[in-house]
Amino acid sequence: MLFLFEEKALEVERKVLIPELTFSIEDHEHLAIVGVNGVGKSTLLKVIHQDQSVDSAMMEQDLTPYYDWTVMDYIIESYPEIAKIRLQLNHTDMINKYIELDGYIIEGEIVTEAKKLGIKEEQLEQKISTLSGGEQTKVSFLKVKMSKASLLLIDEPTNHMDLEMKEWLTKAFKQEQRAILFVSHDRTFLNETPDAILELSLDGAKKYIGKYDKYKQQKDIEHETLKLQYEKQQKEQAAIEETIKKYKEWYQKAEQSASVRSPYQQKQLSKLAKRFKSKEQQLNRKLDQENIANPHKKEKTFSIQHHNFKSHYLVQFNHVSFAYDNRKIFDDVSFYIKRNQNVIVEGRNGTGKSTLIKLILGELEPTKGDITVHPELEIGYFSQDFENLNMHHTVLDEILEIPEMKEPDARTILASFYFDKDRINDVVETLSMGEKCRLQFVKLYFSNPHIMILDEPTNYFDIGMQEKIIQLIQSFQGSVLIVSHDDYFKSQIKDQIWTIKKHQMTHENVQVKDPINTESMKHQLKELEQYTDERNRETEF
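Numbering-wise, UniProt numbering puts 421 at position 421 of the sequence shown, and it's gapless, one number per residue.
Because the hints were derived from the structure by calculation, they are not lab data.
Note that this is a predicted model, so its numbers are computed, not measured.
Glycine residues also receive a C-beta, built at the ideal position from the N, C-alpha and C atoms.
PhoX-like mimics (lysine-lysine), calculated; alpha carbons at most 25 Å apart, straight line:
1) Lys358 x Lys443
2) Lys248 x Lys235
3) Lys232 x Lys246
4) Lys211 x Lys171
5) Lys120 x Lys501
6) Lys211 x Lys490
7) Lys127 x Lys115
8) Lys338 x Lys490
9) Lys274 x Lys248
10) Lys245 x Lys274
11) Lys219 x Lys232
12) Lys148 x Lys115
13) Lys166 x Lys216
14) Lys436 x Lys490
15) Lys174 x Lys148
16) Lys174 x Lys211
Here are the in silico distance ranges between beta carbons for each label pair:
17) Tyr324 x Lys116: 24 to 34 Å
18) Glu387 x Ala239: 57 to 67 Å
19) Gln177 x Leu228: 39 to 49 Å
Given the sequences, and given the hints that come with them, work out the whole structure.
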């Protein structure tokens, strides 16, 4: 056994998340942690890493504190002594010491491993602030991989990674001989890499040997067993309650028939009363002991009246080109997004997926060509940076910002998304990453936009919440544009997949290049649509 976490409470800032937790990690074991957002998965990794008795290295999610560091400076921190001497290489004696410690050899190993991750050698001298989210994830993983620790602690390693990088990461995990304790919500990754699944809940931790699908099968069996136990319990409780009822009826009849003037009958009645009370207490204790929770509870579903957006076309790109500092991203791209259309955008990191979103939102202007967004189009944007949330508001305040949202409705909605009556009064900045994502989606969805633009929506959602989000997207009556690398998530959203490759947008190997006939569309609208004075003759493009 490499590590034992035994009968300890898991807490953060004096708040107890799990009262008692016990689990172990074996030598060379790859153990994946699953559980609902906010249960304490990331906190557990931090607690273990802070334990000085454990030889561990932890992958960091947030590299903001290191934005002024170069990539090489950050990674080589895995070797503290070498990193310290590297800062003093302007002294000859330090160069000799650096050579003795194999500093240059280790730098070469970092270069080699970085190339496997798609990080070019010249990028190692760039500041971390210049890297994309996906590139920062690679750098953070590379640092922990280069360490000499016996236990690697890794939080959401697949976030921001494209399919090619996930395949490399899966291979790296399989080849790693050291023990790994990691958090992931990526089903494909969870079916490839772990030896066992560690489920965290308020009741503690339970280990399931095998990968995710096997864990899910075992959970389904447990759930069915629990349902049978619950149904049996309900029958037993009904029988006990019926027995208590009969005892009461029997006692009441005995009391009514006993003569008030007969000392003997009064004495017998007193004995019966004691027997009845004793039996009633015994049966009630049994009722209290058998308290299996109802496993038949159904998820609350919501039905909201979505906007009936009249325009057929929402967004049009007409011969659009875009470049960053002469680095070409899009070259003469034309396409449109229609009403009630679901589009999944995929492509390798750096091909322009986030740029596409910024162009639609008007945060960037095309180098060439025209982008037309319907002037009355209401866009709901799911941002990875949570720019739609006020970090100083409470959870409830954020939802009450939605127009026409009433407090009772807000409380009901939040409860169905696992924000209980205590949690809704917490300040947003205190929430976990998964909880912030959950809150952001709730605010976006119930704001009832015409189109939802979701940038990597599943990165921090637990698997149960992913299913809920998928159901809501499937029932959404507007348009949806999603950027995602999650294979399972993409398989559940039915419609079109657009791929960005070689500065172009393709759909099923056909280039999306046909701009719509704007003038013809306007002419048809004049004949087919009734324009109101208030809207001043809506136009469709």
